[in-house]
Amino acid sequence: MGSRKPLWYGLGRDQPMVSNNVSDIFTRNLSAVSAVVHPVASLDETLAYAVALCEVRTSGCLRPGVAAPGLDGPLFHRLTALCADRGVRMVQRNLRRFSDGFDVGFTLADYGIAETGTLVIDSSSEDLRLATMLCDTHVVVLPLSRLRATAAEAAPELTLLMKHPPAAYLAFITGASRTADIERVLALGVHGPLALHALLWEDR
Amino acid sequence: MPPKDLKTYRREVAGALSDRFLRRAMDNFAVTYRSGRDRVFAGMDVETLVQDIARLKSLAIGQIDSLLEQFKANAERAGVQVHLASTAQEANAIIHAIARDNDARRVVKSKSMTAEETGLNRYLEDRGIEVTETDLGEWIVQLRREGPSHMVMPAIHLSRHQVAGLFGQVTGKAQNADIEALVKVARRELRQKFFDADMGITGANFALADTGAIGLVTNEGNARLVTSLPAVHVALVGLEKLVPSLDEALRILRVLPRNATGQAISSYVTWITGATECTVSPGGRKRMHVVFLDNGRRDLAQDPIFSPVLRCVRCGACANVCPIYRMVGGHRFGHIYIGAVGLILTYFFHGRDRARHLVQNCLNCGACRSVCAAGIDLPHLIQEVHARITDEEGHPLKGLLLSHMLTHRRVFHGLLKTARALQPPATEATPYLRHLPHIFSEEHRFRALPALAQRAFRDQWPEIRRRTRSPRAHVALFAGCLQDFVYPKHLTAACDLLARLEVAVSFPMDQSCCGLPALMMGETRSARQVARMNLEAMAATGADHVVTLCASCASHLKNTYPALLGSNPALSAQLAAFAERVVPFSVYLNDILGVTAAEIRSPATSVTWHAPCHLCRGLGVRRAPLELIRKAGHRLLRAAEEETCCGFGGTYSSRFPRISAEILSRKLDDAIKTHARVLVTECPGCILQLRGGVVKRKDHLLIRHLAELLADVKR
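Going down the list, the protein sequences come from chains A and B. Each residue of the first sequence is one higher than the last, beginning at -15 in the working numbering. Each residue of the second sequence is one higher than the last, beginning at 252 in the working numbering.
Because the hints were derived from the structure by calculation, they are not lab data. A virtual CB, placed ideally from N, CA and C, is assigned to each residue, including glycine. Be a bit skeptical, because a hint or two may be false.
In silico lysine to aspartate or glutamate, EDC-like type, Cα no more than 16 Å apart, as pairs [as the list claims (entries may be wrong)]:
id, chain 1, residue 1, chain 2, residue 2
1, B, K435, A, D120
2, B, K435, A, D84
3, A, K147, B, E327
4, A, K147, B, D461
5, A, K147, A, D94
6, A, K147, B, E528
If you only want the chain A side, here are some residues facing chain B, beta carbon under 8 Å, derived [stated by the list, open to error]:
id, residue
7, T102
8, A135
9, A136
10, L142
11, T143
12, M146
13, K147
14, P150
15, A152
16, T158
17, S161
Based on the provided sequences and hints, a complete structural model is requested.
Here you go:
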């Protein structure tokens, strides 16, 4: 006897099981708004991913490759080394200088909300905020331990972030910058990033 | 400038109707919006979500002052200056003073309806400040020096070619009409503006009292740049945006983007608490100001009738589903605020002059109410504004005549009989009026008008009435003017069927017009008077149910009578019992009597259904008529826009005949696409409109009332 395959096998009707696991719901909802969602095993992998998205430019070109204002410690040193290795310019501070933007903004999300596929980023630091706005591609790392099913469930945690003194700038980001203002045709990247990549990091 | 009279307004509307791009864009949008909305709400209990928003917003509106106080304390603690402007002028002056104090010459703005309301751009520009709108659609309309034509999609009235031409002028080089490329032009042109600006101005979707934070819902991300790059940020916020905490805002956020654009959430939702880090500002922190705008909102919050309008969350859905908006676009359907809620807000924020003609441009079809995120009874409030304006300005002769007629039943019915005696030369022995009496102009010729019937139903009643020996039930028939005097056939068909089903029928002679036409003309007092008359006439019969074949009468008797007469406590018990007993014909047959297929089996034909507005949305009746059509053995072919209004709207169709004609024409096209032989409905107003259109267009489509269809029983 051969393997027992369902009757519709090969007819193109084999549908993937719809999973209701929170991270699958998150992935489904964020992918639905033309964002790229990838699982990653380690933070090192996320750094390599971000650097790989940068254009390799001839020396002398001033447009930065990666802006990563939130990084410090060993992660910062590893990213610096990776960038140096590939000839990519990395910037961290005073991002206002770059009105023409940069290839990649690299940030860490504080929370994820599965029901809408939303990344929540505490953007109170000006540089971090600008990293998420002036880049062509925004690469966000979401530790899965920070994923919540609904916004309502996350509300107390979000309120804490909002109340953080002296002031707070909390961003819900669900996809790239988009508009449908001309003939209701969807176009990405009108003001902010042209693309959003979410990297789901299994940190547990 | 507001149109100086109704005629001028009609002429402006006619201009919009002949804009072919607008026609096509709006038709596409009307259809895709509905399907997109259905999809994004799939599996959710929308009604409960909406009721929840209505409740939480009502609570917040009731405590605006204490929420404001709380917001102010929290925001000030976080370094924000909070202002309260009582008028639009005052808000503009405050913002101008902030600009002056900070030596701001260049301002970038993200979209704010509240700033449109106050005319902020013009105010600042007149004082030498450069203001750049950065939302793509707003920037386009700003460059064209016009206002937005939709609250969410400001440039929906423009084609890519128009935008390409405009961007060509702005950049000084020709631009292709390629949307992606045009979006990139805007990105490039506007990017430098953000960096050069001294001050950013936004609105806010939420102001959270417990944190002093504001919430901004956007897709483009321009509000993020506006609030991040310049050293100064001013948010202009209507007082009704105050909510207690993030919790309420998140509940609204579940509905707002779904209802606005069919998105589960917008690309960006930004929460700003206090003066955040800003490296170009002295001291390293943003100079942040929140300017709350009253402009009549606190008075409105106290108004027992109109306070619900403050629940509006500005999603724009009421425009998206409005058949009139679809025909004329936003520039002719609101002053600043657009759509159904715009007709109401225009009166309160911009005055009677701008609202006078607008509020008459409503079909009362209820499509807006059925999608409102905050559950506002928009058509009712539009009628109330109309009535208020009529009271303030004096009642026009037409309304007074109508009022007099309706409240004196014998005069009214006498006049109708005189009119019938005079009409034969005009109809030339056809059942339609060929030569319109002079009160009707050219514009009314889009449909043939029916003649008055030879004998009104009330005159035939003595011969029709039957004694049912042992009736299984007893109903009182409420005829309504149109069926009594124009379509008595509907009623005789119903009487036949009811007699066959052994139901005893009473027809109280003292009944008159239901009063809806009076209400639609702003004549509330006479509407109340005829309601009393009908209430008494029907009560006297002692019948189990009051059955009506007119959906508009039914919804008016059932939904509006309690509100109209409710202030009289002596009537409340009687009213409740009455409203309970009023049922549309289909519901009576199908749900109450429970007729079987065997009892109404007819010679089969193919049938499509037009759901009268006042039946499907007014009374929530959707299933009963369809089940009856199937039980009778007909092939039911559903039309794509089954529930879209036919454009009649009672007196509406003679007030705005061109719009009515356009809506009718789309309705008939939609029915014809089904290839059904018969178009069935359950309201004589729809029949007048649909049959009149079919006769004029020479369509091969039979228009029948459900009662007529069901009376064709196989014997």
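Comparing the hints with the structure gives:
no.: 1; hint: K435/B - D120/A; result: holds (12 Å)
no.: 2; hint: K435/B - D84/A; result: holds (13 Å)
no.: 3; hint: K147/A - E327/B; result: holds (13 Å)
no.: 4; hint: K147/A - D461/B; result: holds (9 Å)
no.: 5; hint: K147/A - D94/A; result: holds (15 Å)
no.: 6; hint: K147/A - E528/B; result: holds (15 Å)
no.: 7; hint: T102; result: holds (6 Å)
no.: 8; hint: A135; result: holds (5 Å)
no.: 9; hint: A136; result: holds (6 Å)
no.: 10; hint: L142; result: holds (6 Å)
no.: 11; hint: T143; result: holds (5 Å)
no.: 12; hint: M146; result: holds (5 Å)
no.: 13; hint: K147; result: holds (6 Å)
no.: 14; hint: P150; result: holds (6 Å)
no.: 15; hint: A152; result: holds (4 Å)
no.: 16; hint: T158; result: holds (5 Å)
no.: 17; hint: S161; result: holds (4 Å)
Consistency with the previously given hints is maintained throughout, with no hint failing.
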